[in-house]
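Undergrad: Going down the list, the protein sequences come from chains A and B.
Residues in the first sequence are numbered from 0 upward in steps of one, following numbering that gives the first Met the number 0.
Residues in the second sequence are numbered from 0 upward in steps of one, following numbering that gives the first Met the number 0.
These are calculated hints, taken from the structure and not from any lab test.
These numbers were taken from a predicted model, which means no experiment stands behind them.
Be careful, since some hints might not be right.
[To be verified] In silico DSBU-like pairs for lysine-lysine, Cα to Cα no more than 35 Å straight-line: (1) Lys-23/A with Lys-124/B; (2) Lys-128/A with Lys-26/A; (3) Lys-153/B with Lys-128/A; (4) Lys-297/B with Lys-124/A; (5) Lys-15/B with Lys-15/A; (6) Lys-88/B with Lys-26/A; (7) Lys-26/B with Lys-32/A; (8) Lys-128/A with Lys-15/B.
[Said to hold, decoys possible] What follows is a set of in silico ranges between Cβ atoms, one per label pair, in the way DEER data are often shown: (9) Glu-318/B with Glu-184/A: 48 to 58 Å; (10) Gly-156/B with Lys-124/A: 38 to 48 Å; (11) Asn-233/A with Gly-156/B: 53 to 63 Å; (12) Gly-348/A with Gly-161/B: 56 to 66 Å; (13) Ser-337/B with Asp-299/A: 26 to 36 Å.
[Stated by the list, open to error] Coverage of chain B stretches by chain A, computed from C-beta distances (three or more under 8 Å per stretch; other residues unrestricted): (14) 202-209; (15) 214-227; (16) 237-247; (17) 253-259.
The beta-carbon is built from N, C-alpha and C at its ideal position, and this holds for glycine as well.
Number of protein chains: 2
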Amino acid sequence: MENFVFYAPTLFAFGKDTENDTGKYVKQFAGSKVLIHYGSGSVVRSGLLDRVKASLDNEGISYVELGGAMPNPRSGLVYEGIELCRKEKVDFVLAVGGGSTIDSAKAIAAGAVYDGDFWDFYEGKCVEKALPIGTVLTIAAAGSEGSPDSVITKEDGMFKRGASGPAFRPRFSILNPALTQTLPEYQTACGITDIMAHLYERYLTNTQEVETTDRMIEALLLAMIHEGPRVIENPDNYEARANIMWAGMQAHNNSCGVGRSQDWTSHDLEHELSALYDCAHGAGLAVVMPAVFTYNLKHDVNRFAKIAHRVWGCQMDFECPERTAIEGIERLQDFLISIGMPYDFESLGAKKEDIDTLAQQACYGNGRTGTIGGFVSLNKEDVVNIYKLML
Amino acid sequence: MENFVFYAPTLFAFGKDTENDTGKYVKQFAGSKVLIHYGSGSVVRSGLLDRVKASLDNEGISYVELGGAMPNPRSGLVYEGIELCRKEKVDFVLAVGGGSTIDSAKAIAAGAVYDGDFWDFYEGKCVEKALPIGTVLTIAAAGSEGSPDSVITKEDGMFKRGASGPAFRPRFSILNPALTQTLPEYQTACGITDIMAHLYERYLTNTQEVETTDRMIEALLLAMIHEGPRVIENPDNYEARANIMWAGMQAHNNSCGVGRSQDWTSHDLEHELSALYDCAHGAGLAVVMPAVFTYNLKHDVNRFAKIAHRVWGCQMDFECPERTAIEGIERLQDFLISIGMPYDFESLGAKKEDIDTLAQQACYGNGRTGTIGGFVSLNKEDVVNIYKLML
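Sequences are here, hints too, so could you generate the full structure?
TA: The following block contains the structure:
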């Protein structure tokens, strides 16, 4: 195991009606003038925004609002939010929504206290300072409610890039599983896929002897496999929603990814797809993951056989572990299809003739120097071949 | 799943040589005058204390020292530490040692800023305020490095009781697995047993539909079963030590125990044994656990069968799940014996004729009103019967 520092000081208030405590937690973390950032109209229509505002009112906390955060959140709204924070002397940023809204709020919180262009953070500068952030989560997916990460799409060129740093860990996150019960089935399935991708990308490591974190990742995947179909079958299943929501946070707060190399190839390849075609991130991952894993299989057959056996219950083929490994990838893809996810390029709206552009951008875009991948180092030719597997 | 709040804002610096960063972290958390609290001479003899002091010196942080913390730490030393903190205007308490030293340091940290008797906290008062605490851990066992808990033995009557509260979460904990390589085999095995007990006590729940935390508990137990024998066979196995150390923290920081009822019967019954006979806590748990589980088996046969199947690899007997459940308890006991733990009253130095006293104290001691147990409610007669199973 490699040396590491793990510091995840986010308070999680979990369960029914917890959004009514938002004001209490903003106060606990010394917020007095809040920017409430949210997405489309659903948090308005559902009455959630009103409940959050009422709880701020109860604590005598003033606020301004900025709606309009979109899936694959854009830089334009971030600039708008930064300006609003400065003008209104905001001292706390509260995201009410899913991962996209939270990521947008994080970018605003960093930009508001930074002299330069906030995009610097998305080109690799560590986020050491930001306004304090709180979240009221409405979908189990991105894990941004407990992570130090944010992903934004730059509209000038449609680049999608991530930023990271300790100041991006929310002070508090409110996780009420009931709020996710009204999600469309497709979005729920996209969230499940994203959570599973966060686990797979940590599982694919070159670090030896990491049994504790291996087992934790397997545990969270097993929980997703148990709960995913239940919530697709019955969207009102609060208990299944609750298990998914707690798993989703832990899949990405890095408690199960510490001290080991990780692989973010699937995310990197997906980000090019959702940046260009504006497809849902989870749907993109469902198409990308089996292709990446199939391409990388021979790098460490036993690792793929291990996850196939332990997580997917495949019988270990001791004479040909590769068979087990391949079966595990097939089982993953079958599972994702069973919850309604796509499995090929076409269903994402992606085009064969863009593959060269996608691969070029993945390997050379935004300061990259030709290779990606923490598990297997992949060059542009590799990436082209992986995209072709998705056709 | 029940509603819960989870807030575990401890920074973990994990890996080789991390004790040399102690001063840096004390400074990060605003300590300027430190009480270094430690146990017996081993941290002195090994040179660890000198390395910690050198790192404080490097940051210009002054300190006073208090050694002498013992296994089953005593109230007498706590009073001494409190007085020292007040006299020397200490603003940070640093524990260098195992769970006993850390628990003692926590009691000192709470008492130093409290007007009344620190024992009030061990009679149920929540610890809301304490001097900030840091730890340099030397044994993977109690999980106190990441927990809000502390257990102290009151010398006046030899009561062993726990206290809890947010202020007991350390600001930082330094986890260098190499520091545990010099532990005697027996102590290492006691630590493994304690970690497994923290997992079992959370697993035994009456809350339905907690698959995510069930799976996490199982994962950490599986990791212990994998790594425990390796470290007993080769005490210098750094990687096995590292996996155990990270599992040990997570077994007790409650990330896998949230939103579910828990059972602390085994700990309660063990505390009476170690209070009276001063046996090692882990050794006591090894004797207590199989007895408690056997006695409680019929309360929820399927839960015991589930852990037997998933953790111990027992074949599920679908015609008689009780057989599987019993086999799981036997497998646990066999495992504990295999790493050198005792299995009966006598080997703890415990006496049959004390059973009535032990049961009386467990059920009525220190403010209790006749029953204990979060899984099965047990009265004195039950507890007598359980102790008898250990003969």
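Undergrad: State for each hint whether it applies.
TA: Cross-check of the supplied hints:
1. Lys-23/A with Lys-124/B: Holds - the C-alpha atoms of Lys-124/B and Lys-23/A are around 23 Å apart, at most 35 Å.
2. Lys-128/A with Lys-26/A: holds, 20 Å
3. Lys-153/B with Lys-128/A: violated, 46 Å
4. Lys-297/B with Lys-124/A: Given pair Lys-297/B, Lys-124/A is violated - Cα atoms ~58 Å apart, limit 35 Å.
5. Lys-15/B with Lys-15/A: The hint is violated at about 43 Å.
6. Lys-88/B with Lys-26/A: holds, 30 Å
7. Lys-26/B with Lys-32/A: Holds, at about 30 Å.
8. Lys-128/A with Lys-15/B: With a Cα-Cα distance of about 29 Å, the restraint between Lys-128/A and Lys-15/B holds, given a limit of 35 Å.
9. Glu-318/B with Glu-184/A: 48 to 58 Å: Since the Cβ atoms of Glu-318/B and Glu-184/A sit about 39 Å apart, the hinted range of 48 to 58 Å is violated.
10. Gly-156/B with Lys-124/A: 38 to 48 Å: violated, 59 Å
11. Asn-233/A with Gly-156/B: 53 to 63 Å: holds, 55 Å
12. Gly-348/A with Gly-161/B: 56 to 66 Å: Roughly 58 Å apart at Cβ, these two residues keep to the hinted range, so it holds.
13. Ser-337/B with Asp-299/A: 26 to 36 Å: holds, 31 Å
14. 202-209: holds (count 3)
15. 214-227: holds (count 9)
16. 237-247: holds (count 7)
17. 253-259: Since three or more residues must qualify, the claim that chain A covers the region 253-259 of chain B holds, with 3 doing so at under 8 Å.
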